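Protein sequence lines correspond, in order, to chains D and C.
Residue numbering for the first sequence follows my numbering, beginning at 1 and increasing consecutively.
Residue numbering for the second sequence follows my numbering, beginning at 1 and increasing consecutively.
Because the hints were derived from the structure by calculation, they are not lab data.
Treat the numbers as computed from the prediction; the structure is a model and nothing was measured.
One or more of the hints may lead you astray.
Stated by the list, open to error - If you want the ones that stay clear, here's a sample from chain C, every Cβ over 12 Å from chain D, calculated: (1) M16; (2) L98; (3) F222; (4) A223; (5) G255; (6) L310.
Unchecked claim - Heads up, simulated DSBU-like pairs for lysine-lysine below, C-alpha to C-alpha not over 35 Å straight-line: (7) K115/D - K89/D; (8) K186/C - K528/D; (9) K186/C - K526/D; (10) K447/D - K89/D.
A virtual CB, placed ideally from N, CA and C, is assigned to each residue, including glycine.
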Amino acid sequence: MKMSRLAIALAFASSTLVAGVAGAETLRWSSAGDSLTMDPHAQNEGPTHVLSHQVYDTLVFRDQDMKLQPRLATEWKITEDDPTVWEFKLREGVKYHNGNPFTADDVVFSIMRAKHENADMKGLLTTVVEVSKVDDYTVRMKTDGPNPLLPNNLTNLFMMDQEWSEANNVTVPQNFKAGEETHAVRNANGTGPFRLVSRDPDVRTELVRNDEYWGRDQFPMEVTRIIHTPIRSAATRAAALLSGEIDFLLDPPVQDLERLNNAAGLVVRSAPENRTIFLGMQMGLPELRTSDVKGKNPFADKRVREALNIAINRDAINRVVMRGQSVPAGIVMAPFVDGYSAEIDIVPEVDVDRAKALLAEAGYPNGFTVNLACPNDRYINDEAICQAVTGMFGQIGVRARLDARSRSIHFAELQRGELDFYMLGWGVPTMDSHYVFHYLFETRTDKGGSWNHTGYSNPEADALIDAMTREIDPVKRAEMVAQVWNLVQDDIVYLPIHHQMLNWAMKDNIDFPVQSENYPYFKLLKYKK
Amino acid sequence: MLAFIIRRLLQSVLVMLTVALVSFGLFRYIGDPIQNMVGQEATVADREQLRQSLGLNDPVPIQFARFVANAARGEFGISYRMARPVTDVIMERLPATLELAIISGTGALVFGIALGVYTALRRDGWLSHAIMSLSLIGVSLPTFLIGILLIYLFAVELQVLPAFGRGETVRIGWWTTGLLTESGLKSLIMPAITLGLYQLTLIMRLVRAEMLEVLRTDYIKFARARGLSNRAVHFSHALKNTLLPVITIAGLQIGSIIAFAIITETVFQWPGVGLLFITAVQFVDIPIMAAYLVLIALIFVVINMIVDLLYFAVDPRLRVQRSGRGQ
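Construct all of the structure, not just a fragment, from the sequences and the given hints.
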C-alpha cells in the first residue's frame, strides 16, 4: 500500500513535470455516456451538447457563473421599432475548421436547420417565425410575439457551415426513418476551439486544439489534445481516475467522492446543479388508480399535500442518502435561475404531529395507500431517496408502495399520464422561471404543461404565465413571476426534495471550476503551474 | 448425412424465428424509446409523430413481420441511439467480442484440461488440493466482482495493467485487432481472465472427474498390464476418452462466453457487442437489441450444429444409430 501510494505520487509529480516543460497538454477524460451524434441539431441532450460545445460555437453561452456571454454574437438587442424582432451583431473574421468564413448566411441556415421537423432542437425555437440577414454580420430573428428571453434559448444552438452542409448533403438533420447515416453524424466542421480528429462512437473521440480559434488569446486554451473515452461502469470509472489513466471525470460516482477527494493527486470540485428533484401528485382525477380510497382523490385536498410536504425530512435525506451532496429545497427550481429568491425557497419544517392532524382533518385519520413511482437509473440515488420518503410517509400513516424502475419505463408511463404519485427532476436550460411554469405548472394542453402530470390547473396562474411571455418591462415581468411562484407555492403543487449537486473529479494540477449546466468548456481549463 | 444436415438447418431456422418472436414480445416491457430520443421540450405532438414514423404504433405482429422480412435481407434498420445502420455498428464491435471470447475460451480449454489432468493424476498432492480450493473462487464468485477485484489490484494498486478499454488496435480489412500492439495485449489480460475463469474451473473439474472415472476402467488396467508407460496410458488412452464430454461442454461454453461477455465488457468498458447491447437496453434501442439477440441465437445454433457434426465424425456408434433409424 505504502509503496504504491509513493509510486502514485511520483508518477503524478513526474507527469506534471514533463507536461509543464513540454507545454503540450493532453487531457484524457471520461464520463458514463457518450455523445449520441456529432449532428448538433439532431439531439437535445446533455452529453451530446458537451461534445458539440468543443467543436461548434453558439451565438451566446453561459460562463461558469451562469452569466450570458458573447460567443459568435458580440451584441444582441431588441430592435426599437419592433418589440418582436431581435438583432444580433456577429463576430467578424471567424473561420470554420475547413477555412470557410462564418457569416450571417450560416446563422440563418443553422437556425432554420434546427427548426426542421427532424431536429430535436426545434423545441427551443418554437417562437421564432423568421430569420433574416441584414448584412454579412447582422441577423434579425422575428418571434410570434415579444420574446424578451430569446437569447436564453440559444445557448445550445450551434452554428453550422452552410456551404459544408450543402456539399455533404446534410442540410437537414438525420431522419431515423430514412435508415441511413448522414455525413454529419460522425463528421463535423465547426468554428469551435477544438477540431474533431477521430470519432469512434462509444469508444474514443479525439480532438485537437484549433489554433486559428477566434478566442485563442481571449481564453486560456491550455489543452492541446482531448481524448474522451466513455466508461459505463461506475467502479471502473473511479478506478481509471485513481490509476491515473484519465485526468478528468465528469460524473464521479457519489459513493466514491470521498475516496477520490482523499486520494493523492486528485481533487473533487462541486457546485449546485441546475436540477431539482421533487415528487408530483395526481390531483386532477376524481379517484386515484392505486389507492384504497375510493370515490374521492386524497391528493385533491390541499391539507393532504401539506401533510406529505411536512412529513418529508429533507435534512435526513441530505445527510443519510446524499451524504451531504444536495441542497434541501422548498421550490422546484435551482437557486441561480431568474425569479428565484431565498424567501420562497423555504424548506418546510418536519412536523409529524401536525401532518397527522391535517390528514385527520381532511378525513383520512388512518391514512391511505398509494403507489409511488420512481426511476432507478436517472437521478443521483433516486431509488434510495424514494425508499427514504416512503418510510417518512409511513410515519404519518400514508402507506406508499414504492415502484422503482428503469427510466425508459418510468418516463413513458409518466408521459401517458398513468402515474398517481411520481418522482421527477427538472433543470432549466433557459435560466428563467417561465420555463418551469410553462412545463410544470401550466394547465396541460397542446400549447403547454407538457410535463404537468399533476392535473393541476389554476386559471389565474395560467393567465400570468401566458402574459409574462409578452412583457418586455423587466420590473413588471419580475412581479408576474413572483406572483405565479406565490400562487403555486401556496397550492403545494409539488413536494420539492432537494437541488442536486454536481461533482467533477480531476487531477489536482487542473484548475477547472464546475459549470452548473454540467458543460465543461475545455477552452477554459487551466493547469496549475 | 445430408438429410441430417438439412433437418438441422430447418430446425435452426425455427429456433431463430422463435428467438426473434420472444425477444420482440419482450421489447414491449422494456420501455419507450421515444423518451430517450427527444429532449424535455418536445411536445406531445412531436413525440406522437416520431412514434408514428418509427412504426411503433403498429400492432406487434405487423412490426414482427416487418422485422423478419428485413432481417432475412440482412437489414436491421438504423440504431435509435447512434443514428447509424445497425449492421455497420455490430460489424464494428464484433471483432472485439470475438477476440476476447476466443482468447479466454482457448485459455480456459488449455489450462482447464492441463490442470484437470494434473489434479486427477496427483489426486493427493498439496498442489492439487490448492488448485481445487482455488477453483471454488472461479465457480462461486460473480464475474463482475472478479473483474472489479482485478482492476483494483492490477490497475489501481500496482498500476501495471489498464483498467478499461481495448488499447490501440490495428485495422486489417474490416477486422480490428488488439493482438498486435503492446497496449492491446495488456488490455486483453484482465478481461480474458475474468471472462474465462468460470469456464476454466468448469472444464478443469469436468476433466478431473472424467479422468478419475476412466482411470478406473478395465482397459486402462489392461494397458498397464501390457506394460505401457504411464505417459502413454495417461495421455493417449485415458485423456482421449475423457475428451468427448469436454467437446460438448466446450462447444456450448463458447456460445455462452460470447453471450455472457456482456458483464465482462461492461466492467472493463470493452468495446464489443455485449457492451453495445447493454447500452441499447437502457436506451430501448430496439433495432440494436433485436439484431444482437438474433446474432447470438445464430451463434448458438451454428455452434450446436458444428458440435453435432463433430460427434458424427468422432463417434462411429452415432452414425450407425442414426442411419439405423432409417431416413
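Here is how each hint holds up against the structure:
1. M16: holds (22 Å)
2. L98: Given a closest Cβ separation of 16 Å, the condition holds.
3. F222: holds (56 Å)
4. A223: Its Cβ never comes within 12 Å of chain D, the nearest being 52 Å, so this holds.
5. G255: holds (24 Å)
6. L310: The assertion about L310/C holds, with a minimum of 36 Å to chain D.
7. K115/D - K89/D: holds (21 Å)
8. K186/C - K528/D: Holds, because 32 Å separates the two Cα atoms, which is no more than 35 Å.
9. K186/C - K526/D: holds (32 Å)
10. K447/D - K89/D: Between K447/D and K89/D the Cα gap is close to 32 Å, so the pair holds against 35 Å.
Checked against the numbered hints listed earlier, the structure breaks none of them; every hint is satisfied.
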